[in-house]
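Trainee: Take these sequences, add in the hints, and give me the full structure.
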Amino acid sequence: MKIISETKGIERLAEIRAGYSRDIRDGFEHKAKPCAECETPGDCCLDTHFVNARISRLEAAAIRQALYQLSPETTYSVFERVENALDR
1 MKIISETKGI ERLAEIRAGY SRDIRDGFEH KAKPCAECET PGDCCLDTHF
51 VNARISRLEA AAIRQALYQL SPETTYSVFE RVENALDR
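Start counting the sequence shown at 1; every next residue gets the next number (my numbering).
Heads up, a few of these hints could be off.
[What the hints assert, rightly or not] If you anchor each label on the Cβ, the simulated ranges turn out as follows:
| # | residue 1 | residue 2 | range |
| --- | --- | --- | --- |
| 1 | Y76 | T7 | 21 to 29 Å |
| 2 | M1 | A61 | 12 to 20 Å |
| 3 | I63 | G19 | 14 to 22 Å |
| 4 | L70 | R22 | 21 to 29 Å |
| 5 | L13 | C38 | 29 to 37 Å |
| 6 | E59 | R25 | 16 to 24 Å |
Quick caveat, the hints were computed from the structure, so don't treat them as lab data.
Ideal Cβ placement from N, Cα and C applies to all residues, glycine included.
Mentor: Have a look at this one:
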């Protein structure tokens, strides 16, 4: 296994995720009901079992990198919401 930098890893991860997203979009997304027609709007986004996903350390680094590109106020707001969600 060749060790690469975090930056290169994040770039490669973005490529892999883009391909995966394409596969999901092309193979499954057209079968989903539009959010505007949902009987329980927002439930899939709020369901802790639905959104409880494991992420790798590299994905966490990519998320952190994206958060710190936002304004300080927005970054703080995101961290605050995360803490509140963890408390619940």
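Trainee: None of the hints should be skipped; say for each whether it holds.
Mentor: Checked hints:
1. Y76 with T7: 21 to 29 Å: 25 Å, holds
2. M1 with A61: 12 to 20 Å: 18 Å, holds
3. I63 with G19: 14 to 22 Å: Given range 14 to 22 Å: holds, Cβ gap about 19 Å.
4. L70 with R22: 21 to 29 Å: For R22 against L70, whose Cβ atoms are near 26 Å apart, the range 21 to 29 Å holds.
5. L13 with C38: 29 to 37 Å: 30 Å, holds
6. E59 with R25: 16 to 24 Å: Check passed, 19 Å falls within 16 to 24 Å.
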